[in-house]
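Got chain A; can you put chain B on it based on the hints?
Each chain is listed here by its residues.
Number of protein chains: 2
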Amino acid sequence: MKKKIGLLGATGSIGTSALDVLRNNPESFELVAFSFYSNIELAKKIIEEFQPVVVGVRTKAMVQELSLLYPQIKFQAGMEGLVAVATAKAADIVLTALTGSVGLLPTMAAIESGKDIALANKETLVMAGQWVMQAAKEKGVKILPVDSEHSAIFQVLQSQDNKNVKELIITASGGSFRDLTREKLKQVTLEDALKHPNWSMGKKITIDSSTMVNKGLEVIEAHWLFDASYDKIKVVLHRESTVHSMIKLVDGAYFAQLGPRDMREPIQYALTFPKRTLLKNEKDFDIADVSTLHFDKLDEERFPMLTLAFVVGGKGGSFPTVFNAANEVAVNAFIDGKIKYLEIEELIKRAVSKHQEEINLTLEMVIEIDKKTRQKVYKWIEELKSI
Amino acid sequence: MKKKIGLLGATGSIGTSALDVLRNNPESFELVAFSFYSNIELAKKIIEEFQPVVVGVRTKAMVQELSLLYPQIKFQAGMEGLVAVATAKAADIVLTALTGSVGLLPTMAAIESGKDIALANKETLVMAGQWVMQAAKEKGVKILPVDSEHSAIFQVLQSQDNKNVKELIITASGGSFRDLTREKLKQVTLEDALKHPNWSMGKKITIDSSTMVNKGLEVIEAHWLFDASYDKIKVVLHRESTVHSMIKLVDGAYFAQLGPRDMREPIQYALTFPKRTLLKNEKDFDIADVSTLHFDKLDEERFPMLTLAFVVGGKGGSFPTVFNAANEVAVNAFIDGKIKYLEIEELIKRAVSKHQEEINLTLEMVIEIDKKTRQKVYKWIEELKSI
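Each protein sequence line maps, in turn, to chains A and B.
When you number the first sequence by this note's numbering, it's gap-free, plus one each residue, and the end is 387.
When you number the second sequence by this note's numbering, it's gap-free, plus one each residue, and the end is 387.
Please note: incorrect hints may appear among the correct ones.
Put simply, identical chains are the same to the list, so a pair is met inside one copy or across any two.
As the list claims (entries may be wrong) - Here are the simulated DSS-like pairs of lysine-lysine, each with C-alpha atoms no more than 30 Å apart in a straight line:
(1) Lys3 x Lys166
(2) Lys232 x Lys275
(3) Lys184 x Lys2
(4) Lys137 x Lys275
(5) Lys166 x Lys74
(6) Lys283 x Lys166
(7) Lys2 x Lys340
(8) Lys275 x Lys166
(9) Lys232 x Lys283
(10) Lys139 x Lys60
(11) Lys166 x Lys204
(12) Lys184 x Lys340
(13) Lys89 x Lys280
(14) Lys142 x Lys186
(15) Lys340 x Lys166
(16) Lys2 x Lys166
(17) Lys163 x Lys3
(18) Lys234 x Lys275
(19) Lys163 x Lys283
(20) Lys186 x Lys139
(21) Lys280 x Lys297
(22) Lys232 x Lys280
(23) Lys2 x Lys163
Hints are computed from structural coordinates only; laboratory data are not their basis.
Excised from the complex, chain A in its bound form (with noise of 0.2 Å):
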């Protein structure tokens, strides 16, 4: 039988990828439902090629003009579009690959509705990973991670009794800037920030690899998804991403998971897990070839959102809620071209250290604080705007 999948963000970078694994074995998948932001061309095409039954617009006007040409589609506007898709009733499984924490709702609804969930939002997690990891346990559905780094945790580790698992090893190619003193941040452009060395893809990405800050986000992924304590995980300079991440086990044996730098292949593995299966039209790669793998470690001082991730995760609670959201706002604004690459720090050490946890925290509560971050840092911005 197909697997059927919904999938969040079909048009982005991990979007094209995920559609090229599902068009390369139509006998194990099915396209069911599908959400895109802006690019309706492309969208159309998705449509015709995969029919899927529900599609998720950004617009109501985009509803009306889609729903005219493909009358048997049911096309829903905005979050309740996302939610639609993420709880379409045939889909088995839900690939979030929204970009930031617009992915949260509708992954909360998804495992609401006993979808597992091939998670590439890592923000979802970072947000409110108490609470998303609480109600996957409930429901009995899986998290099974898309991003590269994870994916190669949770490949390594599943031969793995937890027990002896010492420490998880994210690599890090240290982005667009990694060659750069701190001093030589002060005038880097958003074009610079986007040459990303190894990867291409979106521009929040990129820009928060360069700053480390989504190497930060992926520790807190991390902590939630392998229940690991912050001192056990690791993070390590990797300048080629060749090996995507590692484990260290009680016998000092290191078990890596390596290879091309492929996105299809982490999003095969989660949408057939727990089989694997072959990888059609995979890259050319030989480990021969590869030459020289070089491993660092990172200076916390070059690169201090790094280590705020792990302060902001270790305090828990709203912590990466609010670096998260700062980061967010910051990054975007740096794209606008409203704030200069160094403030996007500034804004997000400034969010966290003004921060006050609340009592009892819900859900609900981390949702409230993530929108008043977000105008809060807004506001910021428009007062460096105006000095």
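For chain B alone, coordinates are given in the frame of chain A:
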């Protein structure tokens, strides 16, 4: 309950590492029997520390000498002594850390008496893999690899469905002469050959590493241990020996086992399998300190013995036996100063090319072929000397 261990070859490099594992885990292991070859002073210390029941020694004179000192222990000499250790009633598992083909008969005896085997003697499988694996299957005993390469592959295979494994990738340091041209090999001495860049091991295996015969034996061993066809087995040059070996899966993902160069890890894993336990006094090793790992293709012309190993492995039958027997005699002659370094290769090539396969091969015939090959190569060496 403690696992009871028989240890063949207690005073060698693997043997002493194994004793360190037992010493560090007195609550898990008990040494009930061991053999040694010539280091009687070390043997006495082992007897006093571990209080075994059976000890295999080299000569009858040693039996006499030691029986007077330790009347409560049963001593036996020669092959009889090795078999007595291999079949010692109390033992659950026999670690065969003998060097060379002498390991075959005691290993077979241990299998026949229902012991699991922790195999550090690769010649056993090279000479007679077909019969050894068949006997193990019939008796329902496990053959657990101890070589760091095979242990690495065995470890990462634990979570894998065999049908998803595309390649077994054995890493090779390249040995003492990896950076020399073949022209330069004409002049090398025994002293040069014994300087292994990464591991401190016995003389024979260090020389086998430099000729790449050792890697060839490992390829044949992997064929039998993992039931892998030769086209699935690859060898990659990796000068640091940090990645102990790898597998490649159908979706392009590689799994690698890596870590410090410490034979106690694979030894302990074989002895505790399927469990994994803390390695006490582990070597300091942090992947972030590793800095650089190199991988490279192996030049077939530079290392003809590796190519030849794939050929004899592919032919099967007694060809690997001949390859191994010729190598053992030639390496000993080189150690004794009777032949030059490159004559090791010449003798192996000659023995293999002159070999005619017998029909309806049996284990007894293979042992006979082993003996005859040795006699032939001895003769050739005498002829070389008289030139």
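- request: Enumerate the violated hints, using their earlier numbering and listing them in ascending order.
  value: 3, 5, 7, 10, 11, 14, 15 and 20
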